[in-house]
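J.: If you want the building blocks of each chain, they are given just below.
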Amino acid sequence: MDLYEHMGKDLFRAHGIPVPQGVVARSPEEAAEATRRFGGAAVVKVQVQAGGRGKGGGVALVDSPDEAARRTARMLAEGFAGHPVDRVLVEERLPIERELYASFLLDRSSGDYVGLATAEGGVEIEALAAERPGALRRVRIDPMLGLRPYHLRELTGVFPPSAREGAAAIVRCLFSLLREADATLVEVNPLVELVDGRVVALDAKVTIDDNALVRQPDLAALRDRFPIDEVERRARQAGLQYVKLDGRVGIIGNGAGLVMATLDVVARYGARAANFLDVGGGASADTMATSLEVILSDPAVRVVLINIFGGITRCDVVARGVLEALGRIEATVPIVLRLDGTNAEEGRRIIAEAAHPRIVSAPTMDEAAAQAARLAGEAGP
Amino acid sequence: MDLYEHMGKDLFRAHGIPVPQGVVARSPEEAAEATRRFGGAAVVKVQVQAGGRGKGGGVALVDSPDEAARRTARMLAEGFAGHPVDRVLVEERLPIERELYASFLLDRSSGDYVGLATAEGGVEIEALAAERPGALRRVRIDPMLGLRPYHLRELTGVFPPSAREGAAAIVRCLFSLLREADATLVEVNPLVELVDGRVVALDAKVTIDDNALVRQPDLAALRDRFPIDEVERRARQAGLQYVKLDGRVGIIGNGAGLVMATLDVVARYGARAANFLDVGGGASADTMATSLEVILSDPAVRVVLINIFGGITRCDVVARGVLEALGRIEATVPIVLRLDGTNAEEGRRIIAEAAHPRIVSAPTMDEAAAQAARLAGEAGP
Amino acid sequence: MSILVGAETRVVVQGITGSEGSFHTRRNVAYGTRVVAGVTPGKGGQAFDGIPVFDTVAEAVRETGANTSVVFVPPRFAAEAILEAADAGVELVVCITEGIPVRDMAEVHSYLRRGATELVGPNCPGVITPGVANVGIIPGEVCTPGRVGLVSRSGTLVYQIVHELTRRGIGQSTCVGMGGDPVHGIGFVEALARFEADPDTDLVVLTGEIGGDDEERAAAYIADHVRTPVVAYIAGFEAPPGKRMGHAGAIVTGSTGTAAGKAEALEAAGVAVARTPSEVADLVAERLDRRATDA
Amino acid sequence: MSILVGAETRVVVQGITGSEGSFHTRRNVAYGTRVVAGVTPGKGGQAFDGIPVFDTVAEAVRETGANTSVVFVPPRFAAEAILEAADAGVELVVCITEGIPVRDMAEVHSYLRRGATELVGPNCPGVITPGVANVGIIPGEVCTPGRVGLVSRSGTLVYQIVHELTRRGIGQSTCVGMGGDPVHGIGFVEALARFEADPDTDLVVLTGEIGGDDEERAAAYIADHVRTPVVAYIAGFEAPPGKRMGHAGAIVTGSTGTAAGKAEALEAAGVAVARTPSEVADLVAERLDRRATDA
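Residue numbers (my numbering), protein chains in the order written: chain A, 78 to 458; chain B, 78 to 458; chain C, 124 to 418; chain D, 124 to 418.
These are computed hints drawn from the structure, not numbers from a lab. It cannot be assumed that every hint is accurate.
Said to hold, decoys possible - Beta-carbon label-pair distances, calculated as ranges:
(1) Gly173(D) x Pro238(A): 49 to 59 angstroms
(2) Val291(A) x Phe146(C): 19 to 29 angstroms
(3) Thr267(D) x Val308(B): 34 to 44 angstroms
(4) Val291(B) x Arg217(A): 28 to 38 angstroms
(5) Glu131(C) x Ala207(A): 32 to 42 angstroms
(6) Phe146(C) x Gly93(A): 44 to 54 angstroms
(7) Ala91(A) x Val291(B): 31 to 41 angstroms
(8) Ala297(A) x Gly357(B): 57 to 67 angstroms
Built from N, CA and C at the ideal position, the CB exists for glycine as well.
Please work from the sequences and hints to get the whole structure.
T.: What follows is the structure, encoded as structure tokens:
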């Protein structure tokens, strides 16, 4: 779960990391009021679960409450890079001497924590890493060992001496936060040295491990604070992994890999998926009904492809679930159903006997995809 | 540093481990008074830095204050197994259902912590390990991992079910104590289950890592509470490693290994060492003077053998130190001096020029030992 | 004949009395797997379908000689369960549990680095050597003994691809579901090394997914160390961009994690990359035929 | 030609500006050892006798290619210094520091188990390959190049025995002072394995002490793995009983730790055990003569 900057900064504050004074504004009026409080000059920043705000116009330096209101109004209206925006962060403007960079993350290749630091903050860190790797200090930290004084010395050694002490205090807190909040990424870009010598986190990017939310109740509560599509909310509440796409073939499958493969096979037959939907291990009537509802709520969908390979999931249960779901909701488009694996024959027999007018059975994944593409009116080669 | 039982029990209490009520008594009167307080029956235990008290008469069950006074008087007068006794621990008597055993220690072979537990407490644990190893549960604990619930389950699984919960709480605290107090051994033998079901540590054996005393000021303060020979105290204060032995050849050397080897070589020539004395890396006039004083205070000494192999230690410095020391104190016996290694020639020249009547130079360790044995009147083969 | 699990495998099931554990224990036993012990703290001394249950893995190992553990305990206890198995001297731990916090797994990963215990998973379907032993939740019915090895990040894709192979009469030496969690045990590289050393594996199927750089590292390893033919499939050519670990994540892995990027890396290492699961089976059949012709 | 240190050794001195560090750095440099860097936090950018000083070992390794570290920092920082060297990728750490709390060393020991860094010490005199490189505080003057390896728990006994060998014209391939602390790095077994693999070591001298069970484990290893002749000396036949770790300690080590017990174990493994240091040299000379006669 990616946190909004202002949530990240709340965490920073709680862990003793200095951040600028700021106020979350949900309207132009609130933004103007906050700017007034900061003496008439402020920074207005869109709050989205995405990066690249500086370049993309998501950050505005404003010199009056009016200007803050105007920029906020536009941000709320236009969103940012396809993300809806329901709030901005209005912060005091600070006199910056130089911009630095610091981050910690869990490196999935090695299973270790990695700390990164550079004196050239504020730029795109990938670009810096590619162009001038020598400018980036990289430290591997064993998860059982934790951050040691020499790791800290190594990371902050890349900063100018004037900023080292202030930065070291922040970097140490960043690592505590990473572990205590079950984060997989904490990034400060830029970390700034002010004209008066103080070091402050001007930005905050924090990603929390979804698996750990059960033991991070405060962070888990934030999950519901992000604006989310009504359909996605419904899917999530039913425990479904749902992502909206822009094709015409609605997809339901069990297991992320199989669903992704289904998307690929549908593409192979010339059509495009309308969504990614993984029912996971369960395939009860309720699950099937919710899945169908979610998918059929997308007006672009011309056909639904249900692709189940039974392992734990039993195909007879799926078959009954689909039929029961269709008793509850109206199927407005054809449904191509492919059942394989555990109890597949039984499942196919149940479907055949029901002879539901909307259901088209397919014996293999490829034939199911071909059928679905044809029914979507997108049949290709 | 081995703690007295009552010191170990103070530590136990501080770490939440239940122990019997007890009072340290330094006189028969104090022991009688304590026994009175416990209702007239008590256990009196000598406090020494040694084991085997139960068998050796160091523990007495007393049924009256008078008996407590009598037994205490004898313990204070007679000492225990050659150790002086300056105090006893008087404890309440508890109704014991059964005796168990639990310990943790740092295993020098593997570098891991090891936990040991058995339901057959109160006996000699080496004997049990040798005779019925199956009765002893042994768990290896990685120092970075620490004690985990499954380690605890494995250790306490050897106890009868009625005692497991109480024992588990104690065993967990024992491990915390081990690490927080920088102990290399914590042992409870017996750990007892009382008739009322409570589990209590009836004994406490704790060894503290001497190297860690610098960061354990409370424990370091205990160091001076043990009764110690005046000569040993002087040696220790001068930073010398001194152990009294019962031969006639006083030994001074640099490095534990070399001093032990000197003992061996002296024995080879038919004599026996009067002591072990390691001056360590330093060999100033002060060190040499104190070393000679310490050794010459032993009336059994007939000759002193100084065996120095210079590495960091420089032989010229040693030579001057010995001469200066002999200017301050009177050498009542001959001193055989062997100098080798760094600046040995210079050192020998200094000795030769000084022509001190008590100093006999020897070119090698073997010749020095032969000379010393001869001068001690113990020359052998 | 196989890798990781085989005729010598003696399984202890951690969480044997739980609903998942008991269900799959029965299936694994029915398949012929030697399940010699179970562990459920507090239930030591009981039995499950005649299998003795112990309080600790150490006890199970001591009493039954178990050398392989399969973990079905809930996520908040699962990392501890792996550590326990490792400390008990089990050679292979297969962790099925999904949803273990990655911080816990990072600690486990660090600890296992110093010992002799191998881990498969977590969040994986397990390992099956068809006809011999099934440790985990892969449906044994879809598998058939043979000489093609399979290693997959996705669980259901193991089933799908094995099914496609079996339909064409192509049997499997061992199928490994390595799991898709960020920090995991045996990965492509370790599985490939084992298949390469297995005289009874003629070809390896590698099933990847978008995200991470496991496939890129596998490609580099194949180029340098693997002579056995490899056929790959990467799920997610059409999938929405995977979750990334932020900007810094991309630097560390040195990969953008797309299916196309992964396919390209593998193809550069001489791997035949299929675009769909059925194409995997086609490519495998073709390679095996070519090999037979060459021989 | 040698073990552990040799012509390829590039040393970084941790604590180079301290009194011990600076003194011995000069001696090691004078001996011909390639000391390429020093580390003292806060003094990065300075130089010591022309040797660049860095704030961290990682930086020293990056800038100078150091592959061996020698630690002279005070006891309360020494364990961290070893961890730092290991994380910086140094291959060998020689820790001279005496008085490190054993809890800290236990943690270090656990950490090093999983990596590629070797440790000698702590509380040791270091390692010298006579005529080539001296890493630590062994006085180079007493050594002479040759074909006898030496490994010792005691520091001054290294000097004494090397001196006895040199006096008889017997040179040394490498002398290792392993240190006498309870938890330490390379021990007898690891040193023996290296000497056994070194084509230029004809015989090994092993110098033990009372206490612990290092010598007993060495004996078992020699019996199974060592063909190179071994001559041993155990100091302390006449010494007072060594400090023991209480009753439980004796069970764990399976040894009472006496010199006689150790000598007996070694003799049972075919090792010639001397009773005094000079007898060590006699036995070595005798074995080498016999070997020369045989050849």
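J.: Would you mind marking each hint as holding or not holding in the structure?
T.: Now the hints, each set against the structure:
Judged by the Cβ atoms, the range 49 to 59 angstroms given for Gly173(D) and Pro238(A) is violated: they are separated by roughly 24 angstroms. Distance hint for Val291(A) and Phe146(C): a CB-CB separation of about 23 angstroms, consistent with the stated range 19 to 29 angstroms. A hinted range of 34 to 44 angstroms holds for the C-beta pair Thr267(D) and Val308(B), which are about 42 angstroms apart. Take Val291(B) and Arg217(A): their Cβ atoms lie about 31 angstroms apart, and the range 28 to 38 angstroms holds.
Distance hint check: the CB atoms of Glu131(C) and Ala207(A) are about 49 angstroms apart, inconsistent with the given range 32 to 42 angstroms. Checked against the given bound of 44 to 54 angstroms, the beta carbons of Phe146(C) and Gly93(A), roughly 48 angstroms apart, stay inside it. Checked against the hint of 31 to 41 angstroms, the C-beta distance between Ala91(A) and Val291(B) comes to roughly 35 angstroms, which is consistent with it. Judged by the Cβ atoms, the range 57 to 67 angstroms given for Ala297(A) and Gly357(B) holds: they are separated by roughly 59 angstroms.
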